[in-house]
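Asker: Please put together the full structure from these sequences, using the hints given.
Per our numbering, the very first residue in the sequence shown carries number 1; after that it's consecutive.
Hints listed in this document are in silico derivations from the structure and should not be mistaken for laboratory results. These figures come from a predicted structure and were not determined experimentally. Note that beta-carbon positions come from the ideal geometry of N, C-alpha and C, so glycine has one too. All clues stand as given, with none of them false.
Okay, derived cross-link-like pairs now, DSSO-like style, lysine-lysine, Cα gap no bigger than 27 Å in a straight line:
1. K23 / K33
2. K161 / K147
3. K126 / K33
4. K88 / K188
5. K188 / K64
6. K164 / K226
7. K350 / K393
8. K350 / K78
9. K63 / K327
10. K326 / K23
11. K326 / K170
12. K339 / K170
13. K226 / K240
14. K49 / K326
15. K64 / K34
16. K390 / K88
17. K188 / K63
18. K147 / K124
19. K78 / K339
20. K390 / K339
21. K161 / K124
22. K34 / K164
23. K161 / K126
24. K49 / K339
Distance windows between CB atoms, simulated:
25. S372 / F35: 42 to 48 Å
26. N269 / Q2: 26 to 32 Å
27. Q85 / N184: 20 to 26 Å
28. N239 / E407: 22 to 28 Å
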Amino acid sequence: MQCDVLVIGAGPAGCCAAMSAAKSGVKVIGVEKKFQITSPLRGGEAVCKPFYDELLEDVTCLKKVPRWEKRGTVLQTKYCTVVSQEEKWKAYLLERRAMERVLYEEAANAGAEMMLGSEVLDLKFKNGLVSEAVVRTYNGVKRIRPKIVIAADGFASLARKLLKINKPCKDWASAIEFEMVGVNFSEKEFLQVFFMEEIPGGYSYIFHKTGGRGLTGVASRPLFDKIETAISKFNKVINKYEVLSRQLKNATFIDIRGGCIDVSGPLENPVHGNVALVGDAANHNFAYIGEGLIPSIVAAKIAGEKAAESISGGTHIISEYPVEYKKLPLWRELVQTLKIKDNIDELIYKNIDVKLKLILEVFLEMEVFEWSGRELPNALEYKSTDELIKFGKDLASTKNMSLEIME
Numbered sequence: 001m002q003c004d005v006l007v008i009g010a011g012p013a014g015c016c017a018a019m020s021a022a023k024s025g026v027k028v029i030g031v032e033k034k035f036q037i038t039s040p041l042r043g044g045e046a047v048c049k050p051f052y053d054e055l056l057e058d059v060t061c062l063k064k065v066p067r068w069e070k071r072g073t074v075l076q077t078k079y080c081t082v083v084s085q086e087e088k089w090k091a092y093l094l095e096r097r098a099m100e101r102v103l104y105e106e107a108a109n110a111g112a113e114m115m116l117g118s119e120v121l122d123l124k125f126k127n128g129l130v131s132e133a134v135v136r137t138y139n140g141v142k143r144i145r146p147k148i149v150i151a152a153d154g155f156a157s158l159a160r161k162l163l164k165i166n167k168p169c170k171d172w173a174s175a176i177e178f179e180m181v182g183v184n185f186s187e188k189e190f191l192q193v194f195f196m197e198e199i200p201g202g203y204s205y206i207f208h209k210t211g212g213r214g215l216t217g218v219a220s221r222p223l224f225d226k227i228e229t230a231i232s233k234f235n236k237v238i239n240k241y242e243v244l245s246r247q248l249k250n251a252t253f254i255d256i257r258g259g260c261i262d263v264s265g266p267l268e269n270p271v272h273g274n275v276a277l278v279g280d281a282a283n284h285n286f287a288y289i290g291e292g293l294i295p296s297i298v299a300a301k302i303a304g305e306k307a308a309e310s311i312s313g314g315t316h317i318i319s320e321y322p323v324e325y326k327k328l329p330l331w332r333e334l335v336q337t338l339k340i341k342d343n344i345d346e347l348i349y350k351n352i353d354v355k356l357k358l359i360l361e362v363f364l365e366m367e368v369f370e371w372s373g374r375e376l377p378n379a380l381e382y383k384s385t386d387e388l389i390k391f392g393k394d395l396a397s398t399k400n401m402s403l404e405i406m407e
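Answerer: Have a look at this one:
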């Protein structure tokens, strides 16, 4: 089999790349090892409203996906609560299952040949370029000869491994998420996020969707705890913290999902020869929360367009994809959120009172402190929670931030 563009993976990023390339009229084949596009379903239904609104203008088919708007985000510890209505903390909750179906259908309707139950076993190289992909399908082994490859094959990317850039992740997060009904929500108009000493570098959350239905779960970082799993942490905190147990007491789960994400920061160079990495394969996520849906789709759209241009203009054009991506405000946000995560990590290692530490983490996360962390040294001078919270309130007021800080 021959094609112009081979897309590996048919998640949101892969489907968007296939759709984008196929709309340009080139021959596209998309392969996905799963037999059903939405099973198993991954997490990632909360997205930044301003960035998603922009995305809807470029990827209009996403307007078909149900979404629920949130006015902002509540980030809470036992020692303080920050309620933010800053633009970047306004959000949508999406119906991820519907999103994946919409994007898959759009890719197929655009002319891409989408193949479920098809797993890439190997990539053959010639003169530094992929010349052939060996693919196991439900109808036997196929050999596909592409001109350009877009690898959207996730956290454990085979393409990245075969390109020998699959160095061990220096930092990654694992998450467990439950979709539930019968939740007694204390807050429906804001995302609820909780920082807890039991989840260093991570968080738990409760997000309302509609009626008594919503999401809850835990994202944890093995960097700080190599023994306890995300689900173990979840079971611990829902029994220990009344703010969780009260809301989830009578809830019943209807879906369980989870996964891993590399939060080491986006790859500076996601193009190697005629292969472009996108999505989780290229670490496209906001590192301080691990949300990668929007960054992945935006990158995939650009990669798909550049892949199509490469067919007539030369293989070198695919290398323009990261150049275009880095011009976007979205890229700047990826870089800044990585710095925020790193600042929080450094704070976790400091030997200071846990109450102060959690409050400081909240201020870093919500950008009461500038993303660079330049106000952190002054904040570390405070030795009481009251003084630190007052410092945060004064700083937020000086910056005219749309947030409220409460003890």
